[in-house]
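Visitor: Given next are the chains, with one letter for each unit.
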Amino acid sequence: MIEHWALLSMLLGAAIFLLAGALSPIESFAWWAGWLDEDPASFPERDAEAFDGGKEERFFAVYLAGIDSIAGDKTTRRTERFLTLIEAAAPEVTIVSDVFPYAPSGRPLLAGPRLFLKTWRALYRLKLRRRSSILSNIINLRNLYQVLVSADHRYGPIFNAGAAHVILDALLRAGYDLEKAPPICIIGYSGGGQIAAASAEFLKAATGARITVISVGGIIASTPGVAALDMLHHLYGEKDSVQRLGAIMFPERWGVFPYSHWNLAKAQGRIQARCIGAMGHDRVGGYLGEGVDEDGEPFIRKTATAVAEVLKAETAAISACAQP
Amino acid sequence: MGVLSLLFETMRFHERGYDLLADSRALIALSFFIPFFAGASEMAGQSVTLVLNRVSRFRFAASLAFTGIVYILTAFIWALLTLLIASLFVSQAPPPLLVCSVIALSFGPRLFGMLTIAPYYGEFLGRLLDGWMIACAAHGIHALGLPGHVAAICSVAGWAIWSLSRNAGDKLLLPVIGRIEVFVAGSPLVLSSRNVSELIKERMAALQKAARDDD
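Chains as they are written, first to last, in this note's numbering: chain A, 1 to 324; chain B, 1001 to 1215.
Hints were generated in silico from the structure; no laboratory data involved. All residues carry an ideal CB built from backbone N, CA and C; glycine is no exception. You can trust all of the hints, since none of them are fake.
With a straight-line cut-off of 25 Å between C-alpha atoms, the simulated DMTMM-like cross-links for lysine to aspartate or glutamate are:
#1 K180/A <-> D1213/B
#2 K266/A <-> E1198/B
#3 K180/A <-> E1198/B
Take a look, some chain B residues computed to stay more than 10 Å from chain A by CB distance:
#4 L1007
#5 D1023
#6 S1091
#7 Q1092
#8 P1096
#9 P1109
#10 I1134
#11 G1148
#12 I1153
The task is simple: from the sequences and hints, build the whole structure.
Guide: Here's what the structure looks like:
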């Protein structure tokens, strides 16, 4: 009898898993079709009152969180610390972090109208209390499916256009000068790496700026956005087996497709991979974790230093180019 | 229940399914609905084209039904082709109604066509369903008493018809389909996942220019 229940539960779980996957592109459809009362064709506006520093000519970096993200403004303490460390190491860079990349509308999971709003709120409360990691993994699963939507040839264009829209909106709110179009760097952690790379195609069309992506253990498909990137710095940990999945689960990254967007960019030297330590993908031993490397340096600091190094190198190269 | 067990048996390549078919005229008649539902399911899975072109809900439902009808037509042409090829190789071809029914049943795997909506792996799943459908057709034709190589030729020919009707049907095979499609969907389905990127980029660049001019 118990075996039957176990089998039934497994089947039910598998059915929910498949159904959730099948329904995952619907949010992109709804956004594109204008059912969310937002016009996908409108251009984000800069909020002059919220920004009092005039038009910025600084180097801008946008941070896209990993798949455990629930809202752009609800970052974890680890993420806050990580961003503080980067800001301290690269003060010349303006970092924008209030972006929720796992919805083409940028609408956080905790903001309505959403069909499962109450569920997401309940799961968020569980996450805050650090209870039921299985249930809070539903958020990860939902966002993982959105990463696949971004990688899909059919739905990717509309999802990624939405993501580019959301990123540009956040940049303009932070004082980005569209006229001078200074370079933009997108830091994507885990699934955020895919959305960072894929949205570059539309971000480039909207700004004409140089676009660089720093992938922190990113799981990235060979999307057309990779072709639009000026540079992709892939930073990974020695013990991170999750980021390796990207090279396996997205067939167009395989060596047998030398003309895929990914392999062409790699051949042109626009993708650089660098191992930054012995960290894993997440938790204590992950990129933003408090675990320590063999040299005694915490992983979070090591990751922040590596990201800041890339940001500094980018700003230095751009400053050098700008000088007569 | 009869249709379900018939489908189940044929989809797992069991000859008992064809025995059931030969015994019941009702099942033969019901089998012709399978391509219709397969088409509707397939269209629901590929509904991205309709969404991209922002068709209304009524037109959306009409497009599903229209694809179902196109699938019935495809199954019919495939059956005719099978009968034609069979007559070249064997002296006595199987009963036409039974051939039509077997071909219609081979669309069974395509009932899962809706699952091709799944992101990234949906397209791959679609290819698997294609393979499964063609294998079902070959097995069914063979079960009607035709030699294996004839069944293989018939299924490959059917696959060619199937591919043409899906990829270039409105240009080469059935020029009228494209026109009906426009009528059903309410507008020409000009946007596809291939050209939507260009449209969005052009629009973003135009809006950027407008925003710069405003500044």
